[in-house]
Amino acid sequence: MTQTLESPKLQTNLDTSFLKLVACAAMLVDHIGGALFPEMQVFRIIGRIAFPLFCYCMTVGLLYTHDIKRYLLRLGIFALASQPFYLFAFHPHDWMQEFANWNIFFTLFISLTALWAFKERKWLLFAAAFFVISWWNFDYSANGILLMLIFYLFREKPWIGLGLNLLFWLPCLMNGGELAIGAYTFDRQIFAALSLPLIYCHTNFHPKIPKYVFYGFYPAHLLAIGLIRLALHR
2 MTQTLESPKL QTNLDTSFLK LVACAAMLVD HIGGALFPEM QVFRIIGRIA
52 FPLFCYCMTV GLLYTHDIKR YLLRLGIFAL ASQPFYLFAF HPHDWMQEFA
102 NWNIFFTLFI SLTALWAFKE RKWLLFAAAF FVISWWNFDY SANGILLMLI
152 FYLFREKPWI GLGLNLLFWL PCLMNGGELA IGAYTFDRQI FAALSLPLIY
202 CHTNFHPKIP KYVFYGFYPA HLLAIGLIRL ALHR
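Using the numbering used here, the letters of the sequence shown correspond one by one to residues 2 to 235.
These are computed hints drawn from the structure, not numbers from a lab.
Quick caveat: nothing in here was measured; it's all calculated off a predicted structure.
Relax, there's no trap hidden among the hints.
Below are the DSBU-like pairs computed for lysine-lysine, each with C-alpha atoms no more than 35 angstroms apart in a straight line:
(1) 120 / 212
(2) 70 / 120
(3) 70 / 209
Derived Cβ-Cβ restraints for the label pairs, each shown as a range:
(4) 208 / 186: 36 to 42 angstroms
(5) 82 / 186: 36 to 42 angstroms
(6) 70 / 128: 18 to 24 angstroms
(7) 235 / 41: 18 to 24 angstroms
Note that the Cβ used here is the ideal one computed from N, Cα and C, for glycine as well.
Build the full structure now, drawing on both the sequences and the hints.
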């Protein structure tokens, strides 16, 4: 039976296997663009929906997992194991200098650790995670923690969660960035808001995919992109 977190007019989507598939597809497009076609912004625009979808799915995972410590351990090991593949795909010639340019799953690991600490009122751990992710070179900085907190705190008040998510991404229209309409420039991260209909509307696909397929996809697609990039630059 499908579980839903319900509101009178809006509900969050617990079809997380489907959302993970969408997130992986968007991430693949984003990474193809970043590694092979950096001048084509459309690849990066499509990829913006991946991060909030992963944040949402991991928040749901925290709520429903039977063993959060094992979940976090698995995610941390996976992030470490994926780092060589990330460097191979994006920094093949300067990997030693870029070794501390961490892949996105380190951000997700620390963000989920912070959310668990918040849920369990482990304030010292929460503060440490927030400090580390803000101070060191992690993609999205503390944005992952903030997004997960919104998803967690307002899981039963989805209209408020939706509104806060829209406000969260709104500054991307004001800070300048990679995209331009005439003289007006804005950050492509605004397109992350396109993930919200998927998060706040119910779907009923529920594909049966083993969880390790999602874990394996990340290093596998990075290896493939790295090999293609290597072949093209010979």
